[in-house]
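K.L.:
The lines below spell out each chain.
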Amino acid sequence: MTWWHRLWRRKRMDERIDKELRFHIERHAADLIARGHPPEEATREARLALGGPEQVKEACRDARGTRWLEDFLQDFRYALRTLRQKPGFAAVTLVTLALGIGATTVMFTVINGVLLKPLAYPEPERLAALHRHTEKYGDQWGISYPNFLDCQRESRSLTPMAAWTYGGGTVSEPGEAEYVAGRQISSELFSVYGVALSRGRAFLPEEDRPGAAPVVVISYGLWQRRYSGSQSAIGGRLAFDGKSYTVVGIAPAGFRLDGDADVFTPLGQNTEVRMRNREAHFLHVVARLGPGVTPAEAQAELALIGRRLAEQYPKANAGSGFQTQPLRQELVGDVRPTLWLLLGAVSLVLSIACVNIASLLLARAVSRERELAMRVALGAGRSRLVRQCLTESAVLGICGGALGILLAAIGIRPFVVFWPGSLPRAEEIRLDWHVLLFALSASLFSGLLFGLAPALRASARELEQCLGAGSRTITGSSRRLHSGFVIAEIALAVVLLVAAGILGRTVLRLSSLDPGINIRNVLAAHVSLSPGVLENPAQIRAAWRDVLDRARRVPGVQSVALTDIIPMRVGENGLGYWTTPAPPPPNQMPIALASSATPDYLEVMGIPLHQGRFFNEHDRMGAEPVIVIDEVLAQHAFGGSEPVGKRLWVQALGPAKVVGVVGHVRHWGLASDDQAQVRDQIYYPFAQVPDHLMRLFSSFMSMAVRTSIQPLNVVEPLRRELRGSAGDQTLYEVRTMEQLAGASLASQRFLMTLFGIFAGLALLLACLGIYGVLAYVTSQRVPEIGLRMALGASARDVMWHVLRQSLGMIFVGVGGGLATAAAAARLLQRLVAGVHSTEPLTFGIMISILVAAALFASFLPARRASRVDPMSALRQE
Amino acid sequence: MQMTAKSDLPQGTLDLLILKIAALGPIHGYAIAQRFQQVSRDVVQVPQGSLYPALHRLENRGLLAADWKETETGREAKFYRLTRKGRAQLETEAASWQRLTDAVGLILGMSEGGAE
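One line per chain: the protein sequences are A and B, in this order.
Once you know that position 629 of the first sequence is 629 in the numbering used here, the rest is easy, because the numbers rise by one and skip nothing.
Position in the second sequence (from 1) plus 1000 gives the number in the numbering used here.
Everything labelled a hint here was simulated from the structure, so no lab data went into it.
Where is the CB? At the ideal position from N, CA and C, for every residue including glycine.
Heads up, some of the hints might be wrong.
[As the list claims (entries may be wrong)] Here are a few chain B residues that sit away from chain A, every Cβ distance over 10 Å (derived from the structure):
1) His1028
2) Val1039
3) Leu1090
4) Ala1094
5) Arg1099
[To be verified] Here are the simulated EDC-like cross-link-like pairs (lysine to aspartate or glutamate), alpha carbons at most 16 Å apart as the crow flies:
6) A:Lys646 <-> A:Glu624
7) A:Lys117 <-> A:Asp432
8) A:Lys19 <-> A:Asp71
9) A:Lys19 <-> B:Asp1067
10) A:Lys19 <-> B:Asp1102
11) A:Lys57 <-> A:Glu15
12) A:Lys57 <-> A:Asp71
13) A:Lys19 <-> B:Glu1091
14) B:Lys1020 <-> B:Glu1059
With these hints in hand, go ahead and build the complete structure from the sequences.
P.N.:
In structure tokens form, the structure reads like this:
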């Protein structure tokens, strides 16, 4: 018989054991009678000789080896039955637990998808990203094209190696004109990632050169959209930014390079000046570690190449080298600490939930003491009782966990959408078996955690005494345990409340900061010029003038300007500057954020002019080069002296005359600007951008519009008007400045909201815990209270007595939580821009809230205690 | 016989004794208990309560097999018999028990001071 067979026929087995033992007793009794014992004595003696029949049967069942499973099933059914008997208790516990497990599971799902899962490429651990490393500024991601070519040629350990940068432009054939995101990639890119194209082929090395025939790889999405997935797309034509390309390949579905892109063009065919400039560090470089090469070996080789290039090209490479890091680290970037922080916070909530349930279970265990004592008296072993208690809490844990997983499955998508900005690898976040395993272990672990105290209690107590005593008395050890639970809950709640308070104050403080511009009624959008004009600089300038004229005609538009950099939006241009004709060495050169702008820019953005003037129509090619600086740069470069009229040398721009000083703009966002490395700002006239840079600048120019009406209402008229004579000029990435300013605080707001929710939950649970424990303890002490009152204590005395008890727990809890909260505050300061960890006021406010709520929760039981009728209370005894 | 003269069974020997008795032919639980008392001349005290769990354990391990059969008095009883596996187990255990008792006997039989 197999074990499950035996289990299945358990009932029959039990009957057989019964029969076997009965036979034994009867034969023994018969023998005794035969030896002259009286019949009634004989049966009794036979029974005694065998021992308690139930114990023997239990031992036989034990010997069969299926005992644990039978017990488990029995306990399981028993647990379900007890839960059904107390639906209120079950509901509270399950909901508490489901919230805790659900929140924890959501966070773990995100962490699993973003941080833990390997990248979805073959041999993902061999993928590496390359960076430029400078002695002065640390890691900077960009690598210039000439440096990339040298690294690629000389490296033996990182092969293949590929570079890419952002592109994008207007696709006008086949189909309607549409702006699409694009990437310029070197020919090895797909082989670095180890992915095969879904149709066609990647670029050949000879196509990755200036002057080669224009070829393009398109995304799977664009192929479906524009060619309806037809085979004939390969070898077909694609008009992209006014140029005709031959489609040679379709990228694999879902292939992303820092976001979606539809058009991939050969990087080497780009003829912009920056491609030949060793100082233009703008390329992302990725590579695959060769077979048998360790990352350390690759790093050593790169360092060697870096040193050689620094010697050979000191102007561009002095004081800098190359570094490599795993590609996954690069993709995930700075969300890692935020994610772990949030997982930490939800674990605190889960711990509070567990402590709460533990104290509920303990209260129930105390009132079930008589039941447990009865079971011991009927022959249940101590370990058996512990097992039964643990099974009950495990059942609770599993049921709560199942509900929690359900919550997580529903909540994970909204959470990812709600995440400020875009979460890297968001497409890989889903519930999989890792997550299920995590949730299951978390539930079981919580179940055991909150089941342990009542279970151990069940075994430790001198249960026999309980049968005798009318178990109305509550022992000191149990009360201490209860207080311990409340103290732990309060301490945990303090941590979450203080963290939420600090984040809230940070958001309040930051949103009251002046961004340096007037963000109301301003619209910013990229403009993609008609591809037809892009070949000729004069035509480009004319097209931009036309864009400004057309925009001014739109009703509701007050003023319009062009700029390459919109404050608080991604996309910067840092240039070195100096104040004497001889430049300082490259690694000591101060850097300024440089943006080109048209004359109305100041008015559109509402930036105050402090001294001198901004640009006008006379600042054009051929006129004296002029620049305008902000107050921060004026202070850094000229100290107290008058900057207007002085000369300033700027990398790539040459010497220029300072004609004005304007207010500082918090370009890096309200939260981060104060700590930013580059805060100096320079403006130069868009009209003075030289001809050979016109095409490049046109690819990232934006339009800023000040409106007299709600800015989003002018978007459609503006879009229509700007289509232009050829009908192929497009607007994209349209945002109001209010949106951009809000987005710069989004991560702080997001964290504040989440911590606010967690802290609210923690507060609620802690109050429920206090209420539950006090209500229970006072109800157990009714006779004692009655006695006190009979001996002359007033209702106030009794109330004060109960409140003092809870105050004691509250203060110990707060004291314990404060140290942890201070540590948490320091952690927040390190992880979240703009947070100050030392805010005694915040600590004070949050703790007052907690104390007030906790006192309120203890007030109800205290009042009930004060209304005890002494006579009836004493009669209960 | 006085109660004090009886001694408890050494740990682990109960199984060995049951196997030996069952080796003589199919036998039910009560008869095993009787046989213990007779053969050991009431010297060894077998707690009856632990006899049945031991029988079930041995059955579970496949050393004993059991059938329900009629006794000479016409009652149905559970008869245990040794399996082939049980016989092998009995032989190895009996041998090792023999070695152990021989060794213990040798040590106890040493003359005082004879170890010098």
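K.L.:
For the pair supplied as a hint, Lys57 of chain A and Asp71 of chain A, confirm whether the alpha-carbon distance does not exceed 16 Å.
P.N.:
holds, 14 Å
K.L.:
Minimum C-beta separation from Arg1099 of chain B to chain A exceeding 10 Å: can you confirm that?
P.N.:
The assertion about Arg1099 of chain B holds, with a minimum of 28 Å to chain A.
K.L.:
Going straight from one Cα to the other, do Lys19 of chain A and Asp71 of chain A come out at no more than 16 Å?
P.N.:
violated, 22 Å
K.L.:
Does the structure keep Lys19 of chain A and Asp1067 of chain B at a Cα separation of 16 Å or less?
P.N.:
Holds. Lys19 of chain A to Asp1067 of chain B sits at ~13 Å (cutoff 16 Å).
K.L.:
Mind verifying the non-interface call on His1028 of chain B? Its CB should be farther than 10 Å from each CB in chain A.
P.N.:
violated, 7 Å
K.L.:
For Lys646 of chain A and Glu624 of chain A, compute the direct alpha-carbon distance and say whether it is at most 16 Å.
P.N.:
Distance of about 13 Å is within 16 Å: holds.
K.L.:
Hey, is Ala1094 of chain B genuinely clear of chain A, shortest beta carbon separation above 10 Å?
P.N.:
holds, 22 Å
K.L.:
Would you check whether the claim that Val1039 of chain B is not at the interface survives, using Cβ distances to chain A and the 10 Å cut-off?
P.N.:
The claim holds: Val1039 of chain B sits with its nearest Cβ about 17 Å from chain A, beyond 10 Å.
K.L.:
Taking 16 Å as the top limit, are the C-alpha atoms of Lys19 of chain A and Glu1091 of chain B close enough?
P.N.:
Between Lys19 of chain A and Glu1091 of chain B the Cα gap is close to 32 Å, so the pair fails against 16 Å, i.e. violated.
K.L.:
Checking one constraint from the list: CA of Lys1020 of chain B to CA of Glu1059 of chain B, max 16 Å. Satisfied?
P.N.:
holds, 14 Å
K.L.:
Keeping to a limit of 16 Å between CA atoms, is the pair of Lys19 of chain A and Asp1102 of chain B held or broken?
P.N.:
violated, 42 Å
K.L.:
Is the straight-line distance between the alpha-carbon of Lys57 of chain A and that of Glu15 of chain A 16 Å or less?
P.N.:
holds, 10 Å
Against the hints set out earlier in the document, violations occur for numbers 1, 8, 10, 13.
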